[in-house]
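K.L.:
Residues per chain, in single letters:
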Amino acid sequence: MSVVVAPEPGAVHRSRRAARVGRSARRLLAYTVLLAFSLYIMGPFAAIIVTAVGQGWFDGRWLPETWTFKWFTFARSLADLPALLTNSLVIAGLSIVISLAVGLPTAWALAKRQIRARAFLIALILLPRMVPPITIGLGVSREFYNFGLVDTHLGVAFAHSILIIPLVVLIMSATFEGLDDRVLEASRVCGANWVYTLWFVVRPLVTPGLLAAVLFGLITSLNEFTLTLLTYGPRTITLTVQTYIAIGQGFKEVASALAVILIIPSLILLIMIQKQIKPENMVGGAKGL
Amino acid sequence: MVTTRSGNNRVVGSIVSVLGRVRNTRPSTVLFLAPGIAYLGVFFVYPMFLTVQTSFTRNNADGYSFENYRAILGSSYYWDVIGLTLILAAATTIASIAVAVPLALVLRRRMRGHGLVRVLVLAPLLILALISALGLLIIWSNTGWMSKLIEVFTGANVNVDYTVHGLIIFYVWLYAPYTILTTLAAVEAIDPAVEEAARIAGARPLQVLRRITLPLSIAGIRAGSILTFLLAFEAFSIPLIAGGNHRPLAVVVYTEAAVFENFPKGSALAVVMALIAIIVLVAYQMTFSGRSRKESPA
Numbered sequence: 001m002s003v004v005v006a007p008e009p010g011a012v013h014r015s016r017r018a019a020r021v022g023r024s025a026r027r028l029l030a031y032t033v034l035l036a037f038s039l040y041i042m043g044p045f046a047a048i049i050v051t052a053v054g055q056g057w058f059d060g061r062w063l064p065e066t067w068t069f070k071w072f073t074f075a076r077s078l079a080d081l082p083a084l085l086t087n088s089l090v091i092a093g094l095s096i097v098i099s100l101a102v103g104l105p106t107a108w109a110l111a112k113r114q115i116r117a118r119a120f121l122i123a124l125i126l127l128p129r130m131v132p133p134i135t136i137g138l139g140v141s142r143e144f145y146n147f148g149l150v151d152t153h154l155g156v157a158f159a160h161s162i163l164i165i166p167l168v169v170l171i172m173s174a175t176f177e178g179l180d181d182r183v184l185e186a187s188r189v190c191g192a193n194w195v196y197t198l199w200f201v202v203r204p205l206v207t208p209g210l211l212a213a214v215l216f217g218l219i220t221s222l223n224e225f226t227l228t229l230l231t232y233g234p235r236t237i238t239l240t241v242q243t244y245i246a247i248g249q250g251f252k253e254v255a256s257a258l259a260v261i262l263i264i265p266s267l268i269l270l271i272m273i274q275k276q277i278k279p280e281n282m283v284g285g286a287k288g289l
Numbered sequence: 290m291v292t293t294r295s296g297n298n299r300v301v302g303s304i305v306s307v308l309g310r311v312r313n314t315r316p317s318t319v320l321f322l323a324p325g326i327a328y329l330g331v332f333f334v335y336p337m338f339l340t341v342q343t344s345f346t347r348n349n350a351d352g353y354s355f356e357n358y359r360a361i362l363g364s365s366y367y368w369d370v371i372g373l374t375l376i377l378a379a380a381t382t383i384a385s386i387a388v389a390v391p392l393a394l395v396l397r398r399r400m401r402g403h404g405l406v407r408v409l410v411l412a413p414l415l416i417l418a419l420i421s422a423l424g425l426l427i428i429w430s431n432t433g434w435m436s437k438l439i440e441v442f443t444g445a446n447v448n449v450d451y452t453v454h455g456l457i458i459f460y461v462w463l464y465a466p467y468t469i470l471t472t473l474a475a476v477e478a479i480d481p482a483v484e485e486a487a488r489i490a491g492a493r494p495l496q497v498l499r500r501i502t503l504p505l506s507i508a509g510i511r512a513g514s515i516l517t518f519l520l521a522f523e524a525f526s527i528p529l530i531a532g533g534n535h536r537p538l539a540v541v542v543y544t545e546a547a548v549f550e551n552f553p554k555g556s557a558l559a560v561v562m563a564l565i566a567i568i569v570l571v572a573y574q575m576t577f578s579g580r581s582r583k584e585s586p587a
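Sequences listed follow chains A and B, in order.
First residue of the first sequence: 1, per this note's numbering; consecutive thereafter.
First residue of the second sequence: 290, per this note's numbering; consecutive thereafter.
A hint or two may mislead.
[As the list claims (entries may be wrong)] Incomplete in silico selection of chain B near chain A, CB under 10 Å:
| no. | residue |
| --- | --- |
| 1 | Ser317 |
| 2 | Phe332 |
| 3 | Val341 |
| 4 | Pro413 |
| 5 | Gly433 |
| 6 | Trp434 |
| 7 | Trp462 |
| 8 | Ala492 |
| 9 | Leu495 |
| 10 | Val497 |
| 11 | Leu498 |
| 12 | Ile501 |
| 13 | Ser526 |
| 14 | Leu529 |
| 15 | Gly532 |
| 16 | Gly533 |
[As the list claims (entries may be wrong)] These stretches of chain B come out as covered by chain A in the derived footprint (C-beta under 8 Å, 3 or more residues):
| no. | region |
| --- | --- |
| 17 | 389-397 |
| 18 | 401-412 |
| 19 | 556-566 |
[What the hints assert, rightly or not] Non-contacting residues of chain A with respect to chain B, defined by C-beta distances greater than 12 Å in every case (computed):
| no. | residue |
| --- | --- |
| 20 | Lys70 |
| 21 | Thr86 |
| 22 | Lys112 |
| 23 | Ile125 |
| 24 | Glu253 |
| 25 | Ser256 |
These are computed hints drawn from the structure, not numbers from a lab.
For every residue, glycine included, the Cβ atom is placed at its ideal position computed from N, Cα and C.
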């Protein structure tokens, strides 16, 4: 003898409308959060661009009085930009080559070979990313001073590799683990030697991982400040160091103009990366956790 | 010549075979690992040894002593520096969680425009920290947009130039993305059915958040927080240009070694700093490694 109590028609209507109002209020709140966060992140860059092309931005004005490109001319005369870019790219290229040469065999062994002290080995390889860079940097600058590596491209690249190798090992050992042993076996059974297998079977399969490792290496090298500051010299000034010098000199406008020029490689990387890899993967590499 | 080379070969061969036997691994595996181990030795272990060794020397005296460590631990100035560094790192971590959780809860709903925001989260990671710092200095300066906005809305005049809270604001902008990304990954891994079940059982939205969503994503929040904490603890370039008289450890190490040319004392401070970082990391691992395994079977 169950009695189904039908709610009044009006009540249903009211609760539906309340739900709809609640939903749109929540949507509004959500979009506010997204918009606020976007502005919060983009604000500094917008400020740099406006400073770089503005003149007379004083007295708490919202925007500069007039617009000008003269800061860019100043920035070009202040710093030898082509040389800076060359230095940064040569150092980044060298450090990536070194890191791959050292990191790839290690990653292969970790992924494909039986190793007793595996966990210990991984911890050891990640250790350089857990110690503060300044602590390594002091010793590195001492060592490089003794061996004449200070103010050489190779020297700065060696220093950057200390931080890039752990990334390469992390990314590539994960990539190699995903490589099916049966594919390698099939290649061998069909009579391919190991060089052929490496180039025509392994290389195409690991290219995405390799690309990620190279991109992370590039970002790390271009952004590295502490180790660069302790190993650079007049001949190896990088973009990062020049930005620091420009900010230190206190000309916000010139430093901003320089920053606008320097930011372009990073933006290109940002766009490339967005298509290539999942952001979540970036985090693990940062501290090797 | 020939004998030397073959002698070298024999030495290398015996080392390889000994290592191979010790680890009970194939000799070729040892060869694979050799470049990595050698690099670690030459460019990490040896420099670290140099730093530690230097920390026991003195600029104007021979021999080794604990003088630098005694000077550091006996001076209230250095204790204040260590305290400031830890406070900066802790405050940055807490503020980052406060940014990360609401943002992750919004982003997981995949509304229109969420893809763009996901890319924006990466910007502080990919763009030169110093360039970002310049932008932050401009936008948060006394006459910058942020200060003006705050003045318009609250009437309060905030001054962040060369202050501790200014540094925290800059640190959060730079290092919160790590917490955001791991929190987002954790939140998006939650099965919506679990929250649905709680809702059907009569839980109010805030109860669902507190009892279901947050406990299920706490491992992700934690993983990002330790990264944010360590990066804020080790921050160097930002406080160097934006800290003014507030100098955290990394800046003091650099000033001591490179500006005052007291390499031994700088090295001792750097060793203290590394020890604190390692203690924090080990404590984190020991506290949570077992627990996170229990929380998620993966």
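K.L.:
Mind listing which of the numbered hints don't hold for this structure, in increasing order?
P.N.:
Of the numbered hints, 8, 9, 10, 11, 12, 15, 16, 22, 23, 24 and 25 do not hold.
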